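Visitor: Each chain, letter by letter, is given below.
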Amino acid sequence: MSKQIELAGIAVVHACSIVPISRTVGANRIVATIAIPHPFGDPTKSPEEEKKLRKELVQKTLKALATPIDQQRVF
Amino acid sequence: MASQYRVVYSLNQFFAGLGGEDKAYQPPQLLEGPRGPGLLLEKLFPHMEVAATLVVGDNYLAEKTETALQEILALLSPSLTAEGADKIHFLLAGPAFNAGRYGIACGAICQAVQERFSIPALTAMYPRNPAVAVYRKDVLIARAGKDVMAMKEAVQRMALLAIKQFNGEELFPDRHNYIPHGRRKNYFAEKTGATRACDMLLLKLGGQAFNTEYLMPVFDRVQPAPPIHDMARARLALVTSGGIVPRGNPDRIEAASASRFGIYSLKGLLRFSSETHQTAHGGYDPTFANADPNRILPLDAVRELESEGAFASLHDFYYATVGNGTSVANAEEYGREIAKLLLADGVQAVILTST
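Chains A and B, in that order, are what the protein sequence lines are.
So the first sequence is residues 1 to 75, counted in the working numbering.
So the second sequence is residues 1 to 355, counted in the working numbering.
These aren't lab readings, by the way, just hints derived from the structure by calculation.
All values reported here derive from a predicted model rather than from experimental measurement.
Treat each hint with caution, since some may be false.
To be verified - Capping the alpha-carbon separation at 25 Å, the derived lysine-lysine pairs in BS3-like fashion look like this:
#: 1; chain 1: A; residue 1: K51; chain 2: B; residue 2: K267
#: 2; chain 1: B; residue 1: K146; chain 2: A; residue 2: K3
#: 3; chain 1: B; residue 1: K267; chain 2: A; residue 2: K52
#: 4; chain 1: B; residue 1: K267; chain 2: A; residue 2: K55
#: 5; chain 1: B; residue 1: K340; chain 2: A; residue 2: K3
#: 6; chain 1: B; residue 1: K23; chain 2: B; residue 2: K146
Please put together the full structure from these sequences, using the hints given.
Guide: If you want it as structure tokens, here you go:
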């Protein structure tokens, strides 16, 4: 999905927990997330801490979208 | 006629006739004699005998690969170490066609078995099965068609390859219908390289077909899109393969091998909650996602950043499918359709989340 969206000229960041799969599939901008059942969360943390963590991770994806790359990169 | 080759045949719950998704958590089990494709094998090759059938549920293997493989090796050990009349000559698995989970299972079992017991262990898959990229270097994978319609041909190819491998014959991908390991092999050719190159050149100049001896690797890669220069003016969209859907899963997106994606409104929605949304994904424990779907698709944080001006605006819809055993071809098609909708709305950037 990531590649087809990118082929249309739209910048994509793939935020995922299993980075090797993302690499094999050929995503270009990759952000590693927290865990398979909760990539953007951590149930062991308090709701406030969890939300903060999630926001930071989204900020990281926005930063990846704004970064020039000429080949696959894990942010 | 006494059988010349004794085989252990590995199948998933479906092909072994145990059941469908309801039996996908079936732990490894060794059954006596052939099942499903094993029966076909014996019919096609009367000098082969399926001594036993190994059955493992697709989910059981995909979710607990290491444990499952240890259990399988322990289960197979008595038969695969037997000598004399009970000796097993090779293991066959599949064909897995284009099934991702089954492909991973066949690849993993073959790899583990040949490593532990030093006997040939082969499978057959459709060349675009995602498991091919993972196992082709180590496992002999016969080329199979997309689906079960190609069963006979795939079983035939796999069995012929197994006999050749068992007898130590030299194998070549084109001639013997298997997926190249990606290794170079030395052999004695009748003509020198110079002569062969000239022959090819003459064919090429004559506009005739020729076969290169050195295939250029095909990198299925896409040029990275240019970065967003001014994020504060960019329109953003959210896409997920993590299966976040409105409660009740109105489009009935499948928990595995999704045949569709859903388009869902984000208008006026500041965050997902357990009352409004859930996951449809069958490949991970849904507890955390169902309690707070923002953990899969972080809408709450995205909305906050939107109100802070980190980007200009959010596209009014999000797109969701389940990336659990979904074929590459389907995923590509969803990507193309989603891209069209995004372009029409002037979206420049996408966050795609996966579990």
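Visitor: Decide, hint by hint, whether the structure agrees.
Guide: Hint check results:
1. A:K51 with B:K267: 22 Å, holds
2. B:K146 with A:K3: 22 Å, holds
3. B:K267 with A:K52: Holds, because 24 Å separates the two Cα atoms, which is no more than 25 Å.
4. B:K267 with A:K55: 20 Å, holds
5. B:K340 with A:K3: With Cα atoms ~13 Å apart, K340 of chain B and K3 of chain A stay inside 25 Å; holds.
6. B:K23 with B:K146: 23 Å, holds
Hint compliance for this structure: every hint is met.
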